[in-house]
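Student: Residue numbers (my numbering), protein chains in the order written: chain R, 1 to 219; chain C, 1 to 246; chain A, 1 to 468.
None of these hints come from the bench; they were simulated from the model. Treat the hints loosely; a few may be bogus.
[What the hints assert, rightly or not] Only pairs whose alpha carbons sit at most 27 Å apart, straight line, appear in this in silico DSS-like list of lysine-lysine:
hint : chain 1 : residue 1 : chain 2 : residue 2
1    : A       : Lys-16    : A       : Lys-26
2    : A       : Lys-26    : R       : Lys-201
3    : R       : Lys-201   : A       : Lys-16
4    : A       : Lys-34    : R       : Lys-201
5    : C       : Lys-27    : A       : Lys-451
6    : A       : Lys-101   : A       : Lys-125
7    : A       : Lys-230   : A       : Lys-102
8    : C       : Lys-227   : A       : Lys-451
9    : C       : Lys-243   : C       : Lys-227
10   : A       : Lys-168   : A       : Lys-105
11   : C       : Lys-190   : A       : Lys-34
12   : R       : Lys-201   : A       : Lys-145
13   : A       : Lys-451   : C       : Lys-221
14   : A       : Lys-104   : A       : Lys-230
15   : R       : Lys-201   : A       : Lys-169
16   : A       : Lys-58    : R       : Lys-12
17   : A       : Lys-392   : A       : Lys-3
18   : A       : Lys-169   : C       : Lys-221
19   : C       : Lys-243   : A       : Lys-451
20   : A       : Lys-34    : A       : Lys-6
21   : A       : Lys-6     : C       : Lys-190
22   : C       : Lys-190   : A       : Lys-102
23   : C       : Lys-32    : A       : Lys-451
24   : R       : Lys-201   : A       : Lys-392
25   : A       : Lys-101   : R       : Lys-211
26   : A       : Lys-34    : R       : Lys-211
27   : C       : Lys-227   : R       : Lys-201
28   : C       : Lys-69    : C       : Lys-27
29   : A       : Lys-168   : A       : Lys-104
30   : C       : Lys-221   : C       : Lys-190
31   : A       : Lys-58    : R       : Lys-28
32   : R       : Lys-201   : R       : Lys-211
33   : A       : Lys-16    : C       : Lys-190
34   : A       : Lys-230   : A       : Lys-105
Given the structure is predicted, the values throughout are model-derived calculations rather than measurements.
Chain by chain, the residues run as shown.
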Amino acid sequence: MNAREQILGRLKAISMTDPISTYDDGLKHRLDAAWDGSFPDESRRLAGLFADALEAVSGEFYSAASVEEAAEIVGRIAHSSDYNAIVVDGGDMADNIALRVTDTLQVIAIPEAAQRSEVLADIHCSMVEAHWGVAETASLAFPYIHAVSTQPHFLAETVIAILKRDRLLAHLGALFNHLSPEEMKNLVLVTGPSRTADIEKILILGAHGPKRLIVILLD
Amino acid sequence: MTVSLFIPCLTEHLYPESGLAMVRILKHLGYKIDYVDNQTCCGQPAFNSGYRREMIPVAERFIRLFQDKELIVAPSGSCVAMIRVFYDQLALDPSLMPGLKALKERLFELTEFLVKRNHHDKLQGCFPHRVTYHDSCHLSRELGVRQQPRQLIQSIKEIDFVEMTPPDLCCGFGGTFSYKFSDVSVEMVKRKCESIEATGAEYCIGADSSCLMNIEGYLRKHGMKAKTLHIAELLSRSLDLEKGAA
Amino acid sequence: MLKPRKTHHYIRQALKNDCLRAAVGKATDLAVRKRQDLVNETPYWEDLRHHVHHLKSKVLENPEQSLMTFEARCIANGINVHWAEDAAEARQIIVDLAAQKKVKKIVKSKSLTTEEIELNPALEKAGLETWETDLGEYIVQLEGKTPSHLTMPALHLSRYDIGRLFEKKLGIEYTDNPNELLQVARQRLREHFLSADMGISGVNFAAVEEGAFVVIENEANAHLSISIPKIHVAIMGLEKLIPSLSDLPYFLKVLAPSATGQKASSYVNIIGGPQQHLMEEGPEEVHLVILDNGRSNILADASLRETLFCIRCGACLNICPVFRQVGGHAYGWAYMGPIGATLIPLYNGLSEGRYAPFLSSLCGACFDNCPMRIQIPKHLLTLRNRIAESGKTMLIERVGMKIWSMLAVRPRLYRFITGLAAIVQQLIPFDKAFPAPGYVRHRALGRMDSKGFRSRFMDSEDRREGGR
Ligand code: SF4
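Start from the sequences, fold in the hints, and give me the full structure.
Tutor: In structure tokens:
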């Protein structure tokens with residue numbers, strides 16, 4: 001018999017309810033209500049929570065009333081860090097913004113798969129578009145089904161993420177309610193820049209991934 | 001009303017004074033006292049060391065001895081937790097289950113009992129000293145008794161009560177742990193004693209003789225200033241109940 | 001490998017190392033405080049704990065069914081599923097796979113399960129260049145040791161230690177600046193990410209409903225390890241199941257605060273098969289090794305199965321006053337601290353693991369802090385009982401307990417003997433080594449009262465006035 005059958009054979013004999021759990025069916029309901037209830041409905045206030053949570057994880061928050069304004073912000077960020085190129089992997093909004101920064105920045109589309117990681121490893125700034133944002137934790141959801149590549153999120157030193165205001169949800173529970181099974185199955189959730197505290201618990205940003213994560217909330 | 005005394009081993013053999021203090025307090029409050037003669041041990045040391053087979057007869061004997069008592073009070077959170085919480089983990093004689101259930105409902109740790117019955121108003125003695133309070137693990141975590149001892153302490157006049165940080169950190173006793181891994185246990189009690197010293201308290205109050213023995217042992221050996229005092233003794237002294245006692 | 005005889009030696013080593021203890025103390029204090037702040041902000045924390053416990057017990061209620069469904073869904077998603085009875089089989093599967101695919105270089109992201117099965121030595125023996133990519137794991141790999149904490153692998157090393165280690169092993173100029181150290185590691189590992197043929201990761205959660213698994217991290221190393229190389233191998237203990245990805249938010253909500261005192265981890269990677277068809281990127285093959293290694297027997301054990309609900313957050317380690325003193329290496333195995341003390345005898349056998357469950361004062365703080373509501377103290381007691389009953393404790397203790405048991409049901413004899421003991425103790429000079437030598441080295445022992453409570457009470461006024 002192979003390992004699979006051996007293991008499943010042993011497990012077949014087991015079927016039991018948890019003797020310890022003191023679970024009542026109303027609990028999930030109560031829990032969901034309490035989780036929901038701790039968030040305001042209005043998107044203005046959600047944006048404030050998002051900004052606070054993002055800053056708590058050392059991310060940077062901007063809000064822009066228009067594509068033009070967002071483009072200006074992107075330009076400023078690039079300028080202040082002396083970036084002259086930006087990789088764009090995005091949806092419509094990111095592409096629209098990219099169109100408006102071409103006079104100061106070289107906009108690079110996602111390179112062919114074969115050279116992708118090599119090329120991206122040398123580019124310092126990327127712009128991506130989040131599918132959903134979560135106010136509670138300042139998390140951004142990127143389902144692969146809507147992405148071309150995830151490497152811009154990870155290989156660049158600075159990542160600028162565009163989030164549309166109507167894509168902002170209250171909390172993680174709400175996020176998973178909004179994701180389709182196909183979306184959630186292949187997904188990365190990003191919260192703040194990459195970080196480590198493995199040396200004497202000293203927090204350092206930019207472990208193996210980006211050092212800066214900038215979110216532009218777009219109306 | 002009659003209170004039956006449950007006197008844990010350490011109280012019996014090492015710290016009888018805290019037992020006697022408890023008796024004085026209960027009498028001061030008008031209770032009749034009943035001492036269940038022939039009591040020995042609840043079995044906790046053996047249970048914690050894994051010897052259930054050896055301790056089950058002892059536990060069963062304990063239930064038989066106490067199951068019919070109207071009210072039982074003990075000056076130890078750990079021993080009360082043994083019965084209220086840990087006896088359930090034992091494969092006891094099923095015919096004793098109703099007795100155990102009844103026993104659990106009528107068995108109280110001293111401070112829990114005093115506050116539950118709103119006696120703290122009648123226990124406002126005077127104790128002009130700085131004290132701190134150590135939360136014993138089983139009393140605070142298993143029985144959830146954290147507020148009661150503090151309430152009793154704070155009802156005392158002129159007492160200067162200072163919390164140590166953190167008050168509910170284990171003192172490192174842990175029964176046989178304290179000699180099986182004595183090096184680790186010592187480091188733990190050291191940390192506890194340092195946090196006691198940091199409060200500048202003259203007395204570290206506790207509600208479990210085992211923790212107090214451990215803490216006292218370290219304080220004494222290292223010439224530290226603070227002394228330990230069982231909360232029953234604190235209450236008894238603050239009310240001056242010692243007079244006339246043997 | 002676990003060496004029970006060395007337990008006391010490890011502990012003495014740890015207690016002698018003041019730097020280690022200061023570091024462990026500082027790190028755990030910080031984690032405890034940050035966790036507590038987040039818990040305080042979450043009034044429904046207790047409900048969350050109950051709920052995740054329930055989800056875990058639900059999915060493991062019928063483990064055979066859950067695993068079969070999970071396997072089928074994984075296969076439908078294009079994941080290759082392998083099964084391993086024990087550590088040796090799991091190692092072999094991965095080594096064979098590497099050989100078959102002509103793999104030369106492997107990048108690994110943090111995985112405790114690979115520590116459990118001691119994978120790295122096997123990969124090295126097979127001539128595979130293997131790099132740990134989590135900074136802490138990388139440091140520990142260079143040191144040639146094992147992690148000393150579930151979530152903080154290099155907790156036992158100071159920045160000076162790490163500086164010297166990098167100087168020696170990587171040939172760089174000495175620095176103890178943490179950021180410079182990180183930059184060195186980042187640069188070296190970046191090259192490895194880009195040139196590795198295989199990425200190996202652990203699994204935090206495996207969703208039955210969707211046939212997908214979850215890898216959580218902060219450094220982005222896991223994402224890079226599993227998205228750049230052509231082959232991704234993930235290894236999971238069979239208990240990692242959760243019912244569905246829609247239950248994941250509850251686990252995420254408790255995990256990050258408990259693990260690192262964060263609201264959320266930086267990256268949550270959900271992998272439901274090779275992603276090539278979605279975005280021309282990611283591994284061409286995803287392999288998942290499902291490991292038993294004793295787990296099915298633990299699941300069958302009604303009183304201890306709950307120990308498998310552990311999500312390896314480390315909260316029980318951080319709050320544990322014993323762990324704080326001795327650190328992780330004293331436990332001698334991949335899992336340490338309070339949960340380690342239960343898992344060590346469960347995975348290694350009662351005989352090999354005979355000390356671990358006793359390395360606890362049973363204070364109960366671990367249970368209060370465990371997001372999964374695992375009743376660790378209760379399980380330690382159960383294991384202590386099994387160890388005692390299998391005759392794995394010291395003979396003198398066993399005999400002593402028998403005598404005690406015989407006496408404790410005979411009150412008069414009991415009184416006589418304890419009275420005698422009191423007299424004997426009075427004869428021995430204060431603070432001498434009786435009855436517990438280790439105990440009194442740094443603590444005065446209480447004096448037994450020669451009369452005891454009973455006779456004092458019987459003689460006292462108290463009894464005459466108030467008695468029956
Ligand atoms: S036992 Fe609980 S607290 Fe400890 S690591 Fe596991 S889940 Fe975390």
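Student: None of the hints should be skipped; say for each whether it holds.
Tutor: Status of the hints after comparison with the structure:
| no. | hint | in the structure |
| --- | --- | --- |
| 1 | A/Lys-16 / A/Lys-26 | holds, 17 Å |
| 2 | A/Lys-26 / R/Lys-201 | holds, 9 Å |
| 3 | R/Lys-201 / A/Lys-16 | holds, 22 Å |
| 4 | A/Lys-34 / R/Lys-201 | holds, 13 Å |
| 5 | C/Lys-27 / A/Lys-451 | holds, 22 Å |
| 6 | A/Lys-101 / A/Lys-125 | holds, 17 Å |
| 7 | A/Lys-230 / A/Lys-102 | holds, 12 Å |
| 8 | C/Lys-227 / A/Lys-451 | holds, 23 Å |
| 9 | C/Lys-243 / C/Lys-227 | holds, 22 Å |
| 10 | A/Lys-168 / A/Lys-105 | holds, 23 Å |
| 11 | C/Lys-190 / A/Lys-34 | holds, 25 Å |
| 12 | R/Lys-201 / A/Lys-145 | holds, 19 Å |
| 13 | A/Lys-451 / C/Lys-221 | holds, 25 Å |
| 14 | A/Lys-104 / A/Lys-230 | holds, 12 Å |
| 15 | R/Lys-201 / A/Lys-169 | holds, 22 Å |
| 16 | A/Lys-58 / R/Lys-12 | holds, 15 Å |
| 17 | A/Lys-392 / A/Lys-3 | holds, 15 Å |
| 18 | A/Lys-169 / C/Lys-221 | violated, 47 Å |
| 19 | C/Lys-243 / A/Lys-451 | holds, 20 Å |
| 20 | A/Lys-34 / A/Lys-6 | violated, 34 Å |
| 21 | A/Lys-6 / C/Lys-190 | holds, 25 Å |
| 22 | C/Lys-190 / A/Lys-102 | violated, 57 Å |
| 23 | C/Lys-32 / A/Lys-451 | holds, 23 Å |
| 24 | R/Lys-201 / A/Lys-392 | violated, 39 Å |
| 25 | A/Lys-101 / R/Lys-211 | violated, 35 Å |
| 26 | A/Lys-34 / R/Lys-211 | holds, 23 Å |
| 27 | C/Lys-227 / R/Lys-201 | violated, 37 Å |
| 28 | C/Lys-69 / C/Lys-27 | holds, 18 Å |
| 29 | A/Lys-168 / A/Lys-104 | holds, 25 Å |
| 30 | C/Lys-221 / C/Lys-190 | holds, 11 Å |
| 31 | A/Lys-58 / R/Lys-28 | holds, 14 Å |
| 32 | R/Lys-201 / R/Lys-211 | holds, 17 Å |
| 33 | A/Lys-16 / C/Lys-190 | holds, 15 Å |
| 34 | A/Lys-230 / A/Lys-105 | holds, 11 Å |
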